[in-house]
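Chemist: So you can see what is in the structure, the chains are spelled out below.
Number of protein chains: 2
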Amino acid sequence: MAQRHLDPMAGPVAGDALAAYLQAQATEFLRALRQHRETGGAAANGTEEAVDAARALRRSARRISGTLHTFRPLLDEGWCEGMRPELAWLSGTLAREHAYGARLERLLAALHRLSGSSAFPAQATDPDTSTGPRATQLAPEKSNLTVGAAKAGALLERQLTLARTRAHSAALQALGSSRFHAVADSVAVLASEVPLAPTATRADLKPLAAAAEDRLGDAVGGLPLITAGHPYNAEALVHGLTADTAPQPQDAPWHQVRLLLRLHRYAREVLHGDENPVNVRLLSAGKALNRHRDAAEAAAAAASAARTPRIAPATAYALGVLHADQRHEVEAARFAFQRAWLRETVGTP
Amino acid sequence: MAQRHLDPMAGPVAGDALAAYLQAQATEFLRALRQHRETGGAAANGTEEAVDAARALRRSARRISGTLHTFRPLLDEGWCEGMRPELAWLSGTLAREHAYGARLERLLAALHRLSGSSAFPAQATDPDTSTGPRATQLAPEKSNLTVGAAKAGALLERQLTLARTRAHSAALQALGSSRFHAVADSVAVLASEVPLAPTATRADLKPLAAAAEDRLGDAVGGLPLITAGHPYNAEALVHGLTADTAPQPQDAPWHQVRLLLRLHRYAREVLHGDENPVNVRLLSAGKALNRHRDAAEAAAAAASAARTPRIAPATAYALGVLHADQRHEVEAARFAFQRAWLRETVGTP
Numbered sequence: 004m005a006q007r008h009l010d011p012m013a014g015p016v017a018g019d020a021l022a023a024y025l026q027a028q029a030t031e032f033l034r035a036l037r038q039h040r041e042t043g044g045a046a047a048n049g050t051e052e053a054v055d056a057a058r059a060l061r062r063s064a065r066r067i068s069g070t071l072h073t074f075r076p077l078l079d080e081g082w083c084e085g086m087r088p089e090l091a092w093l094s095g096t097l098a099r100e101h102a103y104g105a106r107l108e109r110l111l112a113a114l115h116r117l118s119g120s121s122a123f124p125a126q127a128t129d130p131d132t133s134t135g136p137r138a139t140q141l142a143p144e145k146s147n148l149t150v151g152a153a154k155a156g157a158l159l160e161r162q163l164t165l166a167r168t169r170a171h172s173a174a175l176q177a178l179g180s181s182r183f184h185a186v187a188d189s190v191a192v193l194a195s196e197v198p199l200a201p202t203a204t205r206a207d208l209k210p211l212a213a214a215a216e217d218r219l220g221d222a223v224g225g226l227p228l229i230t231a232g233h234p235y236n237a238e239a240l241v242h243g244l245t246a247d248t249a250p251q252p253q254d255a256p257w258h259q260v261r262l263l264l265r266l267h268r269y270a271r272e273v274l275h276g277d278e279n280p281v282n283v284r285l286l287s288a289g290k291a292l293n294r295h296r297d298a299a300e301a302a303a304a305a306a307s308a309a310r311t312p313r314i315a316p317a318t319a320y321a322l323g324v325l326h327a328d329q330r331h332e333v334e335a336a337r338f339a340f341q342r343a344w345l346r347e348t349v350g351t352p
Numbered sequence: 004m005a006q007r008h009l010d011p012m013a014g015p016v017a018g019d020a021l022a023a024y025l026q027a028q029a030t031e032f033l034r035a036l037r038q039h040r041e042t043g044g045a046a047a048n049g050t051e052e053a054v055d056a057a058r059a060l061r062r063s064a065r066r067i068s069g070t071l072h073t074f075r076p077l078l079d080e081g082w083c084e085g086m087r088p089e090l091a092w093l094s095g096t097l098a099r100e101h102a103y104g105a106r107l108e109r110l111l112a113a114l115h116r117l118s119g120s121s122a123f124p125a126q127a128t129d130p131d132t133s134t135g136p137r138a139t140q141l142a143p144e145k146s147n148l149t150v151g152a153a154k155a156g157a158l159l160e161r162q163l164t165l166a167r168t169r170a171h172s173a174a175l176q177a178l179g180s181s182r183f184h185a186v187a188d189s190v191a192v193l194a195s196e197v198p199l200a201p202t203a204t205r206a207d208l209k210p211l212a213a214a215a216e217d218r219l220g221d222a223v224g225g226l227p228l229i230t231a232g233h234p235y236n237a238e239a240l241v242h243g244l245t246a247d248t249a250p251q252p253q254d255a256p257w258h259q260v261r262l263l264l265r266l267h268r269y270a271r272e273v274l275h276g277d278e279n280p281v282n283v284r285l286l287s288a289g290k291a292l293n294r295h296r297d298a299a300e301a302a303a304a305a306a307s308a309a310r311t312p313r314i315a316p317a318t319a320y321a322l323g324v325l326h327a328d329q330r331h332e333v334e335a336a337r338f339a340f341q342r343a344w345l346r347e348t349v350g351t352p
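Chains as they are written, first to last, in this note's numbering: chain Z, 4 to 352; chain U, 4 to 352.
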């Protein structure tokens, strides 16, 4: 390990680096799990610490899962195959609650921006008030909202808060399930002993990390980057009024690149350990793709809310404006990704 | 005049160049008026020739009016003061019919684009079918439109076709009025003899043209060009959901620059005559500002249609998407203007 620290490019013994990374992530997982339990993660609206703990839990689960995927030839095959879907189930279940909360926050912020207000509605971030439908409480904030915008906000808040509450219950149920306990047990084993394949110590991590990078490169190569690089190309809103509004098929390749970029980042973490240089390009590209995903899902939520029966035309109008606004955010995110991605390739600073 | 042709920069005798330009425009006005009468301009949906004639009529009226404005110290003051409002009334009246038609065309094209269709609805350009409300005839075209988009299209078609028909009647009435005959008589006089001020032949056109350019420069200096130069700044849709949707106060300075750019262009035409070099920068900047105006007015029309009583929520939703789409066109046009305007200043080709 000392040699690796001195020269990270010299090709570390594969098993060591991989095991160290997985053990560190497993330890982090267990720490976050303990913190989550201690800080009231069970309450519908946890403290800031509980939110942090849930984030850390998702973060380490994703890293373990991604690493098992990229470096599976170096690990015990049967163990990998059994572990990965369980980790995916767990991080997916935990992510949903967060996603609904963030989506509501994004949509309410957009409604306020579209109403020419820079003020952010307090209730979107106030944990005391984010647990149940509270449509009427939008009223004090709506001074500069039209009736339609206020009603659209209230409708979205009702729907997404309900979804979030359900996701929270599902997450709680998951964390108390025997299925989860089996995952936690496996991670606990991982923290002390990584089930390496017999060949692991002689193999090299680099070809596997390079393969992950190649998969990313291929997927990016399939993206319409030339179009995305032209500002205001109006691509993201095409199909904005077709019958099926969500999910939009044109988004799928971008979502795929987002996942592959994440795998590439994790593989770099395995290779470079703590000396992992901050790669601004990957960071910006990843942020752009997160924004792309968030905006796409927010746009779909606005479209879905507009299909609620018996809403007022003014509400539907506001939701239409909101949907289009978020689809333009999608387009803006693609532009940002294109810029970030080509930065290194083109060679400009 | 021969000397001016050989060296246009040598400072032509002011009266000559100004008189020649005004006479040419007046002659063009009279020719277009004759053509308009001969080619069935009186019919609600004229032939292509009648449309061309109306365009030529507006074009020359704008040029005469703009030239009287910029070079008024060189012209008979009382005559100028009397003539300009009459020309403004005339070109405004003639422009409205065209504007409603173009707005409907733009909005229907956007609805089809938003529905993922590249096909353009035939009825928007077919003169046989653009004279009255024909909502039901959208049906054969709406195969890939949602019910909301189809209904929104039908509603816009009804409203804008009605407005266009009224504007056509108003234009016809104007062209038959004694007020118009007085304008036409004045233009006929102008075609043979330009009422120059006593000082005109000794004065120079350049300072007056430079003043017009300065007014344009000052107005552009007041535009938020730095913001406009950042793609996806989301400025144009701010206030998209405030109670007063149209006209948006943020658009006014851009509309003003559009008018000043036009005056600058006409002043250049007076100065350089037929040798007027095509200035790509001014051309692109002007096109961007036209697009800005058209998109702003289309967005307002969509917002206004959404306030129609008793429309279905799906219709209102589609109009909301359409409104936001056109406001993003507004933003895109500002970006295009910024690019075009800074092209020469920055010195890049």
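Please note that the accuracy of each hint is not assured.
[As the list claims (entries may be wrong)] So the derived label-pair ranges between C-beta atoms look like this: (1) U:Gln-253 <-> Z:Glu-52: 52 to 60 Å; (2) Z:Ser-181 <-> U:Gly-119: 25 to 33 Å; (3) U:Pro-256 <-> Z:Arg-346: 44 to 52 Å; (4) Z:Pro-256 <-> U:Gln-253: 34 to 42 Å.
[Stated by the list, open to error] Selected chain Z positions facing chain U (Cβ under 10 Å, derived; list incomplete): (5) Ala-157; (6) Ala-173; (7) Leu-175; (8) Leu-178; (9) Gly-179; (10) Ala-187; (11) Ala-237; (12) Ala-319; (13) Leu-322; (14) Ala-343.
Hint data in this document are derived by calculation from the structure and do not stem from the laboratory.
Only a predicted model underlies this, so the values are computations on that prediction, with no experimental measurement involved.
Note that beta-carbon positions come from the ideal geometry of N, C-alpha and C, so glycine has one too.
Chemist: All the hints need checking, so say for each whether the structure fits it.
Modeler: A quick look at each hint next to the structure:
Judged by the Cβ atoms, the range 52 to 60 Å given for Gln-253 (chain U) and Glu-52 (chain Z) is violated: they are separated by roughly 44 Å. Our hint of 25 to 33 Å for Ser-181 (chain Z) and Gly-119 (chain U) is violated, since their Cβ atoms are close to 47 Å apart. Hint check: Pro-256 (chain U) to Arg-346 (chain Z), Cβ distance near 34 Å, so the stated range 44 to 52 Å is violated. For the pair Pro-256 (chain Z) and Gln-253 (chain U), the supplied restraint of 34 to 42 Å holds, since their beta-carbon distance comes to about 36 Å.
Interface restraint check: Ala-157 (chain Z) against chain U, minimum CB-CB distance 14 Å, threshold 10 Å, status violated. With a cut of 10 Å, the hint placing Ala-173 (chain Z) at the interface with chain U is violated, because the nearest CB-to-CB distance is about 30 Å. Contact between Leu-175 (chain Z) and chain U, as hinted, is not supported at the beta carbon level, the nearest pair being about 36 Å apart and thus beyond 10 Å. At its closest, the beta carbon of Leu-178 (chain Z) sits 39 Å from a beta carbon of chain U; the interface hint therefore is violated under the 10 Å criterion.
Checking Gly-179 (chain Z) against chain U by beta carbon gives a least distance of about 41 Å; that is not within 10 Å, so the hint is violated. With 10 Å as the threshold, the beta carbon of Ala-187 (chain Z) stays out of range of chain U, its nearest partner Cβ sitting at about 43 Å, so the hint is violated. Hint status for Ala-237 (chain Z): holds, given a least beta-carbon distance of 7 Å to chain U, under 10 Å. With 10 Å as the threshold, the beta carbon of Ala-319 (chain Z) comes within range of chain U, its nearest partner Cβ sitting at about 4 Å, so the hint holds.
At about 6 Å, the closest approach between the beta carbon of Leu-322 (chain Z) and any beta carbon in chain U falls short of 10 Å, and the interface hint on this residue holds. For Ala-343 (chain Z), the suggested interface contact is broken, since its CB lies about 14 Å from the closest CB of chain U, more than 10 Å.
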